[in-house]
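On the provided structure of chain A, position chain B as indicated by the hints.
Here are the chains, one letter per residue:
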Amino acid sequence: MDEALPIADVSASSSSEAIIRLHRVDNRFNTLVVHENLDLDIRKGEILGIIGGSGTGKSILLRTILGLHHASAGEIFVMGVNMNTASEEKKKRIRKQWGVLFQDGALFSSLTVGENIAFPLREFTSVSKSMREAISLMKLDLVGLPLSAYDLYPGELSGGMKKRAGLARALALDPAILLLDEPTAGLDPLGAADFDRLLLGLRAGLGLTVCMVTHDLDSLHAVCDRVAVLAEKRIYAVDSIANLLHVKHPWIQEYFTGPRGRMASHARGLAALCQWEHSGADQR
Amino acid sequence: MTAEFDFPPPDGLFSSLSSREDTLAFDVIRTGSKESFHFSGALIVYCLNAVEEAAREAVRNARAPIVINLTAVTRLDTAGALLVNLIAEDAQKRGKTCEIISDNGSHRNLLQASRLISREQDAERADAKACFFLRFLNAVGLAVCRQINFLGRLIGFMGHFLFIAAGLLFRPRLMRWTSLFFHVEQTGIRAVPIVSLLTFLIGMVVAYMGAEQLSRFAGAQIFAVKLLEVTILREMAVLITAIVVAGRSSSSFTAQIGAMVANGEVAAMLSMGLEPNTLLVAPRVLALLISLPMLVLVADLSALSGGAVAIWYTMGMSINTFISELHAVAELRNFTVGLAKTPFFAVVIGLIGCFQGLQATSRAESVGFLTTISVVQAIFLIILLDALFAIFFTALGV
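So the protein lines, in turn, are chains A and B. So for the first sequence, my numbering puts the first residue at 3; every next one is plus one. So for the second sequence, my numbering puts the first residue at 21; every next one is plus one.
Just to be clear, a hint being listed does not mean it is correct.
[Stated by the list, open to error] For each label pair, taking beta carbons as the anchor points, the in silico distance ranges come out as:
| # | chain 1 | residue 1 | chain 2 | residue 2 | range |
| --- | --- | --- | --- | --- | --- |
| 1 | B | Ala74 | A | Glu90 | 33 to 39 Å |
| 2 | A | Ala88 | B | Ala45 | 27 to 33 Å |
| 3 | A | Glu90 | B | Arg135 | 35 to 41 Å |
| 4 | B | Asp42 | A | Lys250 | 46 to 52 Å |
| 5 | B | Val396 | A | Leu202 | 41 to 47 Å |
| 6 | B | Arg173 | A | Ala88 | 51 to 57 Å |
| 7 | B | Ala74 | A | Arg95 | 56 to 62 Å |
| 8 | B | Ser291 | A | Ala88 | 49 to 55 Å |
| 9 | A | Leu113 | B | Arg135 | 19 to 25 Å |
| 10 | B | Asn158 | A | Glu125 | 34 to 40 Å |
| 11 | A | Arg270 | B | Arg135 | 51 to 57 Å |
| 12 | B | Glu205 | A | His217 | 41 to 47 Å |
These are calculated hints, taken from the structure and not from any lab test. In this text, a Cβ means the ideal position worked out from N, Cα and C, and glycines have one as well.
So that you can see chain A by itself, here it is in the shape it has in the complex (with noise of 0.2 Å):
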């Protein structure tokens, strides 16, 4: 996978580490094709990205990993268990150890934020009151929001707040795969840098495996290890953005060398060079 050709075949790459595998879906709906002969591998412990023009299917994409959109054909593994023939008992285990983020947070809404938080602590686990509430609190330090949203309703939330609400509750089980749905979209850029950071610090502390779709290009340079590309009704490439810009296809091209993706990338250098002569001072 290390060259930066098209894929036809991502199962004979490295199947050791793929915690999500989707081999050749395809999504259909009456005539219009979506998806087809679609691979994927998502490794344990990186940050996979997952970017596309509209209407390629990139929310589909997602709903079909979540199985809340059934693939017209192929088959999907999470964590080796086959998604298609597994029992519901199996797949009631494999739900757990995903959080999902959605694009609006997606919270209930006649519940308050801590309670949002607590609920997969109420319906999965016998833990105490009092020791979810502390789980909760923590969880919604964790996601960087203030002590004072805990009682608020999620209509009283602004939309950044919703998505980290969102958030808190997707890590309330400490799931081993989280899937976000456009994560920074509608957030300001200071509120996206931080939304980064926080991806960074969870992965690192708890070695978690992230898939999210974006449109964000500031994100993905910053948090990214691997970016996927939904073109021609499959995965076209996958791989560092490095090698993606050697990709000859022009949506690509066009994605990260049109003036935004420079920019991207350019703020990105211009932020290592910051970070080097800052550590180079330190050192001096």
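For chain B alone, kept in the frame of chain A given last:
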């Protein structure tokens, strides 16, 4: 085919799945001058309940410096780490020294990351301690104020609507005709089947009951027709129709407008300098003003035919005789009294539906609540108005 894609689980991945098989044990071992809290197994959120109580108990009973030993812990998550930190803090609060031993670097990181967040009790809890009588008074006062406030705002809304409607009379160009006719179809034509079915049945019941009671008096059965005519034309047809329309249209107005408010569409309208009262409220209320009298006419006809069927069935009176009998006893004023009430009912249904819709907030469940409220209030006001009309018309002698 499946053998070809055989996909062995990666090492260590599958083990993390087995939440049921994980076990966690907690022991207190006293060694010399120290008490060692020994956790072994998976200290994860699914297993915590097994040891939480025991651990807290152990802290309370501890007499010597505490050592929390995590060397036998196979898995640790943030919830487990939090419990360890909670125990440590609890011990320190009780003035005992506490030390955590772990030989795993990532476990130590987790322990550091899982912070205790304490939060002071909020003021509301203190409030709850106020005496019952005061809280009761408070609740009653709040409810009364809310109702008065609601009534005031509703009257204000009605005034605004009447102002807009009067304006539309003089400048019909501003009327949204497409919207108006769409709502006439929705609230009127589409309600015809349910309204005619229900009133047909009501007509049957009224005629049947009347004939049954009147059959005790010889020759009085003929008055069943008169009874049917008065009950149906004056009260029943219009009341049933208004209630059905309140259930159908008031709720749908609230839901439509509420969804638009929640979606920011009304705000968009206002920002363009457009008036939701003209665009949304006027077509709906005016549509009801057109369709409700027509529905009542349909209801009158179908209720009378229901009555005719029942009278034919119980008394053997033929349909022709029924019609001539009806001609003889019917009075126009009963029909006009019934019809005269419909514009008031139409305005009540339309205004309540639209008013409640405009009260929506961005909270998703608010529209649901408001829909229920709008139907209940509309039906309540219809019946109240009907009672007032009954007194009014009796006083007038019509």
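Original post:
Can the suggested window of 56 to 62 Å be confirmed for the beta-carbon pair Ala74(B) and Arg95(A)?
Top reply: 27 Å, violated
Subject >> Lys250(A) and Asp42(B) - C-beta distance against the hinted 46 to 52 Å >> reply: The hinted range 46 to 52 Å holds for Asp42(B) and Lys250(A), with Cβ atoms some 49 Å apart.
Original post:
Is the gap between the beta carbons of Ser291(B) and Ala88(A) within 49 to 55 Å?
Top reply: Given range 49 to 55 Å: holds, Cβ gap about 51 Å.
Original post:
So the hint says 51 to 57 Å: do the beta-carbon atoms of Arg173(B) and Ala88(A) match that?
Top reply: 56 Å, holds
**OP:** Given the range 27 to 33 Å, decide if the beta-carbon distance of Ala88(A) to Ala45(B) lies inside it.
**Re:** Hint holds: Cβ distance 31 Å, inside 27 to 33 Å.
Original post:
In this structure, is the beta-carbon distance linking Ala74(B) and Glu90(A) contained in 33 to 39 Å?
Top reply: Check passed, 34 Å falls within 33 to 39 Å.
**OP:** Could you see if the CB distance from Val396(B) to Leu202(A) stays within 41 to 47 Å?
**Re:** Because 52 Å falls outside the window, the suggested range is violated.
Subject >> Asn158(B) paired with Glu125(A), Cβ distance criterion 34 to 40 Å >> reply: Cβ of Asn158(B) to Cβ of Glu125(A): about 35 Å, so the range 34 to 40 Å holds.
**OP:** Evaluate the given range 35 to 41 Å for the C-beta pair formed by Glu90(A) and Arg135(B).
**Re:** Taking Cβ atoms as reference, Glu90(A) and Arg135(B) lie about 37 Å apart, which means the hint holds.
**OP:** Take the C-beta atom of Glu205(B) and the C-beta atom of His217(A), compute their distance, and say whether it sits inside 41 to 47 Å.
**Re:** For Glu205(B) and His217(A) the Cβ distance comes to about 43 Å; the hint holds.
Original post:
In this structure, is the beta-carbon distance linking Arg270(A) and Arg135(B) contained in 51 to 57 Å?
Top reply: 30 Å, violated
Original post:
Holds or violated: 19 to 25 Å for the Cβ distance of Leu113(A) and Arg135(B)?
Top reply: 23 Å, holds
In this structure, the earlier hints numbered 5, 7 and 11 are contradicted, and the remaining ones agree with it.
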